[in-house]
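Residue numbers (the numbering used here), protein chains in the order written: chain Z, 1 to 204; chain U, 205 to 408.
Keep in mind the hints are simulated off the structure, nothing from the lab. We treat Cβ as the ideally placed atom computed from N, Cα and C, and that holds for glycine. Mixed in with the good hints, there may be bad ones.
Rough simulated footprint, nothing fancy, chain Z against chain U, three-plus residues with beta-carbon under 8 Å [as the list claims (entries may be wrong)]:
| hint | stretch |
| --- | --- |
| 1 | 252–266 |
| 2 | 296–306 |
| 3 | 378–386 |
Protein chains: 2
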Amino acid sequence: MDKKISEKVINRLTLYHCILSDYITANIEFISSKQIAQLLKIDDSQVRKDINLLNNSGKCRVGYIVKELKASIEKTLGFKKTKKAFIIGAGNLGSALANYDNFTDYGLNIISLFDNDKAKIGKTVNGKKIFNIKELPTLAKENGIDIAILTVPRQYAQPTADFLVAANIKYIWNFTPTVLAVPEDTQVWNENLMGNFLQFTYNI
Amino acid sequence: MDKKISEKVINRLTLYHCILSDYITANIEFISSKQIAQLLKIDDSQVRKDINLLNNSGKCRVGYIVKELKASIEKTLGFKKTKKAFIIGAGNLGSALANYDNFTDYGLNIISLFDNDKAKIGKTVNGKKIFNIKELPTLAKENGIDIAILTVPRQYAQPTADFLVAANIKYIWNFTPTVLAVPEDTQVWNENLMGNFLQFTYNI
């Protein structure tokens, strides 16, 4: 379990997990590596190799036991280790993410949202309150927040990041199209939508 | 220019492009590979290697010429080759994407949105009309649509994908947490948010 798992493998395992969730919803008990491979249009042997990295015992002649394989992935990827997050920016994207109930299954607990728009402050999205951004430093400390999910308009991205860094936030999940300048000990994950789009459509 | 560029390089080039856009906004004329590397916390030599893949001539003693480097990236990645898309699902996420004006800079032209909710049909988001999903096959054909951006709730993901495939859509940009079953000649890009989140937070 202490094996270092590469980012590519983590990414594939979460896709397997999506498939397994759908199988459980459909009351299907077993799944083969071939079925997973076909859905993702990848190689069968790749799927088996990835699954071999898990401490998964639920294998039998007809395939993997769906529930056990799902549990193995969750254990390996630390779904149970809950991480607390604030959403910064209560616009369409921030609201969409706050409404995404699926997140809690993966250990992401969105506590509340922040904005500077008085028309939004005090309202709730999916039961989560929108606070004045000024209250963030105090509330981050009180709640032991690990992650800020940044969904503000592009022109506010860097000043907001500076504000988050000053509030001692160490992980920024960046949904803005700005590359943020942050200190060495702050981690940024760029949700680079346009990069993904260009990869996807490169051959059209 | 016909060199096959890897997905990792495409991803990094789009991040360089974000940085260059911000430099232009800030009226900065030159940029060094070191400045780019520091912002992205990657290696200087990596940045130079990526830039060497471009037909970029705007290099001088003080660094790269921002405008020329930006234009080189756009040329190499085909930003000018406009691709037309429909957004399927006019909820928060669909609306957020429709509002993302940045997309057009990258050659993504979102024509309209689709939903089955009568309260939404006929309204507009950022000047783009929301149509009844039933009209999609006809409108896709009339407009020569390349891409469907799928933002429907999880339980509608697969039936909607089947509907898109029947309407001859060949590229699905999938924002739902479902792995879609599609025919061989249909391409799906999974915007695997939870996979990204788990990669990002694996060490928290």
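Now for the hints, and whether the structure bears them out:
Only when three residues or more bring their CB closer than 8 Å to a CB of chain Z does the claim for the stretch 252–266 of chain U stand; here the count is 0, and the claim is violated. Against chain Z, the stretch 296–306 of chain U contributes 7 residues with a C-beta closer than 8 Å to a partner C-beta. That satisfies the three-residue criterion, and the hint holds. Only when three residues or more bring their CB closer than 8 Å to a CB of chain Z does the claim for the stretch 378–386 of chain U stand; here the count is 5, and the claim holds.
The structure fails to meet hint 1 from the earlier list, while all remaining hints are met.
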